[in-house]
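J.: Sequence:
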Amino acid sequence: LNIKSAEVTAKTVGEKERKVRKAFLAGLILAYLAFCTITVMLGLPLDQIGGKPDVWEPKWRTTSEGHKEKLIVLVDTASGFVLGLKIASYALEVMCGICLIGSFFTIWYFCEERHSDLMDELHSVHHAA
207 LNIKSAEVTA KTVGEKERKV RKAFLAGLIL AYLAFCTITV MLGLPLDQIG
257 GKPDVWEPKW RTTSEGHKEK LIVLVDTASG FVLGLKIASY ALEVMCGICL
307 IGSFFTIWYF CEERHSDLMD ELHSVHHAA
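Quick note: the sequence shown uses the working numbering, first residue 207, plus one each step.
In case anyone wonders, no lab produced these hints; they're calculated from the structure.
Backbone N, C-alpha and C define an ideal beta-carbon position, used for all residues, glycine too.
Fair warning: there could be bad hints in the mix.
Said to hold, decoys possible - Ranges between beta-carbon positions, derived for each pair:
hint: 1; residue 1: H321; residue 2: L236; range: 24 to 34 angstroms
hint: 2; residue 1: E213; residue 2: I313; range: 16 to 26 angstroms
hint: 3; residue 1: G272; residue 2: I304; range: 46 to 56 angstroms
hint: 4; residue 1: L236; residue 2: E263; range: 47 to 57 angstroms
hint: 5; residue 1: E318; residue 2: E213; range: 39 to 49 angstroms
hint: 6; residue 1: L236; residue 2: G290; range: 15 to 25 angstroms
hint: 7; residue 1: R267; residue 2: H321; range: 58 to 68 angstroms
hint: 8; residue 1: I313; residue 2: C242; range: 39 to 49 angstroms
Stated by the list, open to error - Restricting the straight-line Cα-Cα distance to at most 35 angstroms, the calculated cross-link-like pairs of lysine-lysine (DSBU-like) are:
hint: 9; residue 1: K210; residue 2: K228
hint: 10; residue 1: K292; residue 2: K274
hint: 11; residue 1: K265; residue 2: K228
hint: 12; residue 1: K292; residue 2: K228
Given only the sequences and the hints, what does the whole structure look like? Please build it.
T.: The following block contains the structure:
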C-alpha cells in the first residue's frame, strides 16, 4: 500500500509503526475481500460441486395463549464443500477482527500518552471540596 501521507503524519508516525499498521490494514482488506467473495459464493447453487447447504423449513407452533405462529427452523446443516466455505467465511471474519484489534493495539503501543505517568490514586469529590 503506497498511500501519500500528510506532512504532520510523517513527523508523528515512525517508520516501524507505519509498517505494522500497513500490515494490519493489508490483512484486514484481504480478509474482508475473501470473506465477501465466499459470502457471494454461498448464495450460489453449490449442490453440483459437492456437499449441501443448510436446509430451512417453516414450522408452526402454538403459543401458551393458543395463537399459532410461523417459525423458520434449521432442519439440516451444511456438509462437504459448502460446510468448508462456511468455516472459511467464519475464520476470515475472525481474521478481520484480529487485524482491527491489532491496528488499535499498534496505535496505542506507539502513542506518547502511553508513557505518561498519572497519579496512582483518585480523590473523591469530598476530598476535593
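J.: Which of the numbered hints above does this structure break?
T.: 4, 5, 8, 11
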